[in-house]
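With chain R's structure known, arrange chain Y on it following the hints.
There are 2 protein chains.
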Amino acid sequence: MAYRLHCVGASGNSFKVALFLNCAGLDWEPIGVDFAGGQTRDPAWRTAMNGMGEVPVLEFDGRRMSQSGAILTWLAETHGMFCPVGAEEKFETLRWLLFDNHKFTGNFAAHRILQSMMPEPAHPTVLAYMRSRVEGAFSIVDKHLANRSFMLGDRPTIVDFSLAGYVYYPTEETGFDIAAAFPALNKWRERVASLPGWKLPYELMPVGNSLPVRR
Amino acid sequence: MAYRLHCVGASGNSFKVALFLNCAGLDWEPIGVDFAGGQTRDPAWRTAMNGMGEVPVLEFDGRRMSQSGAILTWLAETHGMFCPVGAEEKFETLRWLLFDNHKFTGNFAAHRILQSMMPEPAHPTVLAYMRSRVEGAFSIVDKHLANRSFMLGDRPTIVDFSLAGYVYYPTEETGFDIAAAFPALNKWRERVASLPGWKLPYELMPVGNSLPVRR
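Chains R and Y are the protein sequences, given in the same order. All you need for the working numbering is the position in the first sequence, starting with 1, plus 7. All you need for the working numbering is the position in the second sequence, starting with 1, plus 7.
Bound conformation, chain R alone (with noise of 0.2 Å):
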């Protein structure tokens, strides 16, 4: 039976999930939704697909899992594939995914609505204000990765998925020159571009109806 993903090109907690299973060569499909046209806010697709009103949802055998975070620790369990291994990398796991949600992924994926996805552009404290809340969480992974080739070391893991949901969406739409700004970022991130399976997030994602980039 294959993974049906609930997904829209433009999420990148969506791209997280998918790249894993694309990447660990498991069988899937993207299944649309219409995120534009505001069906995950819709009650009846909150309590069919999931409370929190968010993509991805992984459907598999009946059952629909949400939290990126969540789908990649169970994936990898099920499949022994982008493994942690032993209590010491399932602790520095958790506190990585943690970190990505709080303030890696959850800055950096909000700044982006606001800067090339509202229909107005945001006003320019608000952005600032979210930028250097980005600069923050990024600088910080930037440091980490400056002697490490992935996240936990040699090899990747789910951690690496988890953060690397956003940062191959185009400079034009994220505000970011990664390239330039973060260059220890940037290597893991053409290092994490390079394994098997990889794709860029509208290619992976050829579904459902994202937020316009405002031009």
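Please keep in mind that the hints were generated in silico from the structure rather than gathered at the bench. Bear in mind the structure is a predicted one, so any value in this text is a computation, not a measurement. Accuracy of the hints is not assured; some may be wrong.
Now the stretches of chain Y that chain R is said to cover, found in silico as 3 or more residues with beta-carbon under 8 Å [stated by the list, open to error]:
{"#": "1", "stretch": "27-40"}
{"#": "2", "stretch": "62-74"}
{"#": "3", "stretch": "77-91"}
{"#": "4", "stretch": "96-106"}
{"#": "5", "stretch": "151-161"}
Facing chain R, from chain Y, some residues (calculated, C-beta under 7 Å) [claimed, not checked]:
{"#": "6", "residue": "H109"}
{"#": "7", "residue": "G113"}
{"#": "8", "residue": "S146"}
{"#": "9", "residue": "I147"}
No residue lacks a Cβ here, since even glycine has one placed at the ideal position from N, Cα and C.
What follows is chain Y alone, placed relative to chain R:
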């Protein structure tokens, strides 16, 4: 050997762990951090204590652990208290810990700093933006708690400790009257406050140097 919790009274992320330690009846002491003086931004502190630059840090047996959600998971497993039981509950626990860090605590704590702990009042547009993010997250938890005593059902678990981080700080700090706006969340907050060992954050962690509240 006693647990040493590096923390500060105003840190609700520290309170999550302090409250667990106290309600579990464990031997622990709070160790103050000079947060207002910038200690968590000091590179030497980060190298020695936590590269992510955050409190709490739990010190035990020569080990220094950070990220409240990872610490709570470790404490629950180590002591067999307030644990999720079985694969399904463990998955739900991780889902909610991630949602808490990303949206519930994440936005509420950031809004509180803007609301009352910056030297100058934050720009109204920034405050309104963060306020709407808090309302979205709090509404989801309020709805979830409408027909449950605790987040996973009938008994308190680490999910409750995680979500409880910032909900007991006074309205003048947070800018939210939880009792008026989120009735189910308020009743849950009272249930958590009736657990043996519960105390208010500043009473449980009367240490360190918190950001002052702007009056």
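Taking the hints in turn, this is what the structure says about them:
1. 27-40: violated (count 0)
2. 62-74: Since three or more residues must qualify, the claim that chain R covers the stretch 62-74 of chain Y holds, with 3 doing so at under 8 Å.
3. 77-91: holds (count 3)
4. 96-106: Contact hint for the stretch 96-106 of chain Y vs chain R: holds, 6 residues under 8 Å.
5. 151-161: violated (count 1)
6. H109: holds (4 Å)
7. G113: holds (5 Å)
8. S146: With a closest approach of 9 Å, the Y:S146 hint is violated.
9. I147: Status holds, d = 6 Å.
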